[in-house]
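Same order as they appear, the protein sequences are chains Y and H. Heads up, the first sequence is in numbering that gives the first Met the number 0, so the first residue is 0 and it goes up one at a time. Heads up, the second sequence is in numbering that gives the first Met the number 0, so the first residue is 0 and it goes up one at a time.
Hints listed in this document are in silico derivations from the structure and should not be mistaken for laboratory results. Be a bit skeptical, because a hint or two may be false.
Said to hold, decoys possible - SDA-like, lysine to any residue: derived pairs with alpha carbons at most 25 Å apart:
(1) K162/H <-> M40/Y
(2) K2/Y <-> L26/H
(3) K162/H <-> E278/Y
(4) K55/H <-> M40/Y
(5) K2/Y <-> E27/H
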Amino acid sequence: MLKQTEGSHAVAEAIALCRPQVICAYPITPQTHIVEALGEMVKTNELAQCEFINVESEFAALSVAIGASAAGVRAYTATSSQGLLFMAEAVYNAAGLGLPIVMTIGNRAIGAPINIWNDHSDSMSMRDAGWIQLYAETNQEALDLHIQAFRLAEALSCPVMVCMDGFILTHAYERVDVPTQQQVDAFLPAYEPRQILDPADPVSIGAMVGPEAFTEVRYLSHHKQLRALGLIPELATAFQKQFGRDSGGLIRTYRSEDAETIVVALGSVNGTVQEVVDEMRADGSRIGSVSICSFRPFPLGVLRDALQHAKRVVVLEKCLAVGLGGIVSDGVRKALSGIVLNGYTVIAGLGGRAITRASLRRLFEDAERDELEQVTFLDLNADAVSHELERESKARRTGPTAEAILRRIGTVASRIG
Amino acid sequence: MFQIRIHGRGGQGVVSGAEMLSVAAFLEGRFAQAFPSFGSERMGAPVMAFCRIDHKEIRSREPVLDPDALIVQDPTLLHQVDLFSGLQPRGYILINSTHSFDELGLGAFARGVGRYRLCSLPATELALKHVGRAVPNAALLGGFAAVTGQVALASVVAAIRQKFPTVVAEKNVAAATEAFEFASKAKDTIDA
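The following block holds chain Y by itself, in its conformation from the complex:
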């Protein structure tokens, strides 16, 4: 059924259609609306046979989800930013134990400086924890990916994070097609656990593993994700058959087949990138883009196929690997191992900085002329930066950096974009 609704609400409806039995919730902006909506659905019995557990922290939220999953039920939670960091130990445990929990990340920056707005620093910080990570381009895809995520997680006994851009998607109203319960039931079978804490048939889960077997257990986690590289496209095809929509998969290409310049990005910014690709194509540029949906497992093979004919690849990243540059770029470069082309990393949209069509167009035109640095910070305020560096070079006690930059930049409430 077509609806005009908030992204968070669309995701909550998708989760409810997946019949979770335990939902653990601890509020943090910008994911809060999702668990709020689910809380209401449980209370009104719209979502029946589900326990909604309010916990005291994010660490508890995922720990309770781990317990529930180990007891053999379908478990779900959601978080953002610092919340994900606070549950970090449990994030690794859920994957290490092979528990198919699904968790939404409403992507948000990590402090300090404290910032509630969108970037990918939170989910990227957990990229190697053993979870599958899928990034949604639109609210429709966020909804669809959650339905695929439970099936993927349970097929592999591996937890899945569905990442959606905070505010940009979570708080955006747009058209979504919400499937029927019948459709979802036909796509997502009842959960059949591979392991279960059952008093009638006792096992222990979470053994201490020494050097004699640790590598083997770890290797099997890696192997699981390599299997996901095959399973994710299969599920996208099965989803297409059941629901009539293209959603998910490893990557999606846009006008890239004959492109000399290809932009690679994750998440909602791909829409804006495609707009700019169309504008520049109309003016004769040979430019295209590739959206990475599955960041873990990282789709080395299909990316190589999609990018290898290009003259240059621009990786647009909403996260900074401080002291290195880009995180996604590393994977892209690995995918292109042995192929000679120009690779550029662009850090954009940090802490909610708007990524505008105008800025992207300037950036891509610079790239076409190969006039980009290896690492570029989109729309960096060079004046504020050099002023601060100069100040710091002249005195010792210059005080806190963030406050000084804010003073230099002045009031921002008056600005648009």
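Dock chain H against chain Y, hints included.
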């Protein structure tokens, strides 16, 4: 594509206004996107929300930088925010005020360069009269429908009824309807 930027202050229903507008356009079979640009989420702080309406899927996620219409829920923002930034020539400005644009000292400017189409609407007064609270968003949407013709009043009314429980919805519907009538009367002057 038709793009709208709504300016107001936290607590005035700026975000709900953009959401309802997107629902109204959706109900007419079009694609619409509404999203907020939160500041620090305080009551009274300047807040912006955006709405795009189109006949095809909307892909861009950038803030509305070049609007076709501005809705100003709080005229005191005139001195704080770069409200008219990017407004397209012949763009619409709906302002919540009992004063005309000339009385606000903006008439000559706004009719000048961009030949903007101006509508001053006492939305807070209408909200106080019908809703009993100073929430001007529904009234301004009624005025928006009248002035721009982008959505029908019936769609705005349906969107309001989706958003609020019946009693509150009907009060807001009354405010939007009176605002629609008010703005309709001024339409010829506005388009001149």
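Starting from the hint list further up, note which numbers the structure goes against and sort them upward.
Numbers 3, 4 - these are the hints that the structure violates, sorted from lowest upward.
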